[in-house]
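> Now for the letters of each chain:
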Amino acid sequence: MRTLGSFIKKEFLHILRDPLSLLMMCLFPLVQMAVLSYAVSTEIKHIPFVVMDEAQSADSRALVEKLRGNAYFEWVGEVKGPGELEGAFRKGLCAMGVVFPPGFGGEPLRGDVLEVQVLVDASDPNQAAAMANYLQAEVMDHLRAGGQAKEPGSGIVTEVKMLYNPQLLSSFSIVPGLQGMVLLLICATMTSIAVVREKELGTMEVLLVSPLRPRVIIIAKAIPYVLVSLVDVALILVLSNVAIGVPIRGNLALLLAFSLVYIFTSLSIGMLISTIAETQQTAMIAAGVGLMLPAILLSGLVFPVESMPGALRVLSHVVPARWFIEALRDVMIKGLGFEAVWRQFLILSGMCAFFTVVSIKKFKNKL
Amino acid sequence: MKVIEVHNLCKYFGRFGAVRNLSFEVVKGEIFGFLGANGAGKTTAMRMLCGLLTPTSGKGRVAGFDVYRESEKIKRSIGYMSQKFSLYEDLTTAENLELFGGIYGMGRKEIKAKMAGVIEGLELEAGKALLVGSLPEGVKQKVAFAVSTFHSPEIVFLDEPTAGVDPIARRKFWEMIYEAANRGVTSFVTTHYMDEAEYCNRVSILVDGEVRALASPRELKQKFGASSMQEVFFALAQKAKRGVS
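First to last, the protein sequences are chains G and U.
Number 284 in the working numbering belongs to position 284 of the first sequence; there are no gaps in the numbering.
Just so we're on the same page, the working numbering is the position in the second sequence counted from 1, plus 1000.
Chain G on its own, in the form it takes in the complex:
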């Protein structure tokens, strides 16, 4: 125990005497959160649009007014005829065109269906779908306000209610993902670098000649980073809750328990990397490419796991971040309890045990 104690103290001193890295470990999550939740948002604003109004009715004009007043859309101008409309798209003046056919407006007589044509630049399909949805919602809203949509015979109106995240804020799904990334970065990358640095400096040789057991070295290396990670978890949770308004609906203890299991899993992977890598650069690349990329691309953080091609979906099963992010979204955003996420808990625990055993076995006590 005394041995472990003095070794842990040393690790803390290393971190404290390297203020730059310490600062990075604390600032990184905050910067990432700012970038991810504001810049990389799937929400769209200021969509430039043109209108081709062949109806020139009170209704069409009212609807255009409504669109112009909406922050999501930006009025570019009116076009006359399909040629001009196409031209506006060609010149990149607009991303959306709204066409009111002759006869739009007034009372829909004889069970007619009111038609509005919407042309959307679908070179970015996700954005196109979102734009179309926004517009549809606006039109429905308008019609409902005018009482037309309630008319019998105007068809079935589907009313969609967005559960858990009614405003469709991307930060809701990004914050759990960010936790998954930041913890991986600190636990896996920083610890593997901390171990490999000793190999590079030559101090590892002195440790190997000493009676220190590999598990003591590994535990002592890990503990300070567990603490730093917990600080980061708290930072992210508080900040996302206070500044961005992401709710914490589930049980906080369950949330922290998940974070801990994930922290230990990441640590064990970091240790495994450090037993293989000989230089800090190798460790960094292994952690960066081998862990961060899958954590971003295969975890469901950016692309939903369900819509991945078969092979990648299979591959995503071995990415710890996938299970963590999935569970965190369930607990944090949906407010589900342990009965909904026990599977993810078991999987992460299993991964953690596996990597810990392998890295202790692989940590060479001899050269």
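It should be emphasised that the hints constitute simulated quantities derived from the structure, not laboratory data.
Where hints are given, some of them may not hold.
As the list claims (entries may be wrong) - Straight line, CA to CA, 25 Å or less: simulated DSS-like cross-link-like pairs of lysine-lysine:
{"hint": "1", "chain 1": "G", "residue 1": "LYS9", "chain 2": "U", "residue 2": "LYS1084"}
{"hint": "2", "chain 1": "G", "residue 1": "LYS199", "chain 2": "U", "residue 2": "LYS1073"}
{"hint": "3", "chain 1": "G", "residue 1": "LYS9", "chain 2": "U", "residue 2": "LYS1128"}
{"hint": "4", "chain 1": "U", "residue 1": "LYS1114", "chain 2": "G", "residue 2": "LYS9"}
{"hint": "5", "chain 1": "U", "residue 1": "LYS1114", "chain 2": "U", "residue 2": "LYS1172"}
{"hint": "6", "chain 1": "U", "residue 1": "LYS1084", "chain 2": "G", "residue 2": "LYS199"}
{"hint": "7", "chain 1": "U", "residue 1": "LYS1172", "chain 2": "G", "residue 2": "LYS9"}
{"hint": "8", "chain 1": "U", "residue 1": "LYS1028", "chain 2": "U", "residue 2": "LYS1172"}
For this one, chain G is given, so just place chain U on it according to the hints.
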């Protein structure tokens, strides 16, 4: 009393015999010089004795423990100062001493009691709060020696301890080794400096993984009709077939 006994110790990496038929004995309090050109197998031999490498064949006991089965016990009885600088430069001298004291299982009181004496011996009272990285090279070397002997090991292994240090600092370093020897600490030293070889009680010269000479410096000089250890070393090392760079 013999603290190191090796008999026909070999280490093969694949078919390459890095060390072959190493046989010698070192007694308590002796300063044993282990010379050889680069690639002669010095480091490999030393690592086997420290419990870092398992020998391929032969017998060996260090501090009374078997090199195959009792490497953990060997580790507890020895001190080690490596070729590369082996202190934590972002810790102070006192913190380095404390750390290694703790690693070797010394109690808090024991560490505290010994610390003052060691710092005094290093003439570092004024600089004990300085980070090791800011100390001059020669002082670092002395601190490293103090750290490697802090837990009172029976044997201390010094792998090129004075590489890159000026002659005066080297001289002072050897004074520390003599002091330790007077306390009964055995030193096993590898070096490239032939003047340092003269300071050893006995010297072995390793060529191509085999011991070609083993005696006191005076005996070796007589045997080879040489005026210095430098000449003795050249006479032997010139016959080397591998790794002389």
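> If a hint holds in the structure, say so; if it does not, say that too.
Now the hints, each set against the structure:
1. LYS9/G to LYS1084/U: 23 Å, holds
2. LYS199/G to LYS1073/U: Roughly 23 Å between the alpha carbons, so the hint for LYS199/G and LYS1073/U holds.
3. LYS9/G to LYS1128/U: With a Cα-Cα distance of about 18 Å, the restraint between LYS9/G and LYS1128/U holds, given a limit of 25 Å.
4. LYS1114/U to LYS9/G: OK: LYS1114/U and LYS9/G at ~20 Å, within 25 Å.
5. LYS1114/U to LYS1172/U: Holds, because 21 Å separates the two Cα atoms, which is no more than 25 Å.
6. LYS1084/U to LYS199/G: 11 Å, holds
7. LYS1172/U to LYS9/G: Status violated; Cα separation ~32 Å.
8. LYS1028/U to LYS1172/U: 22 Å, holds
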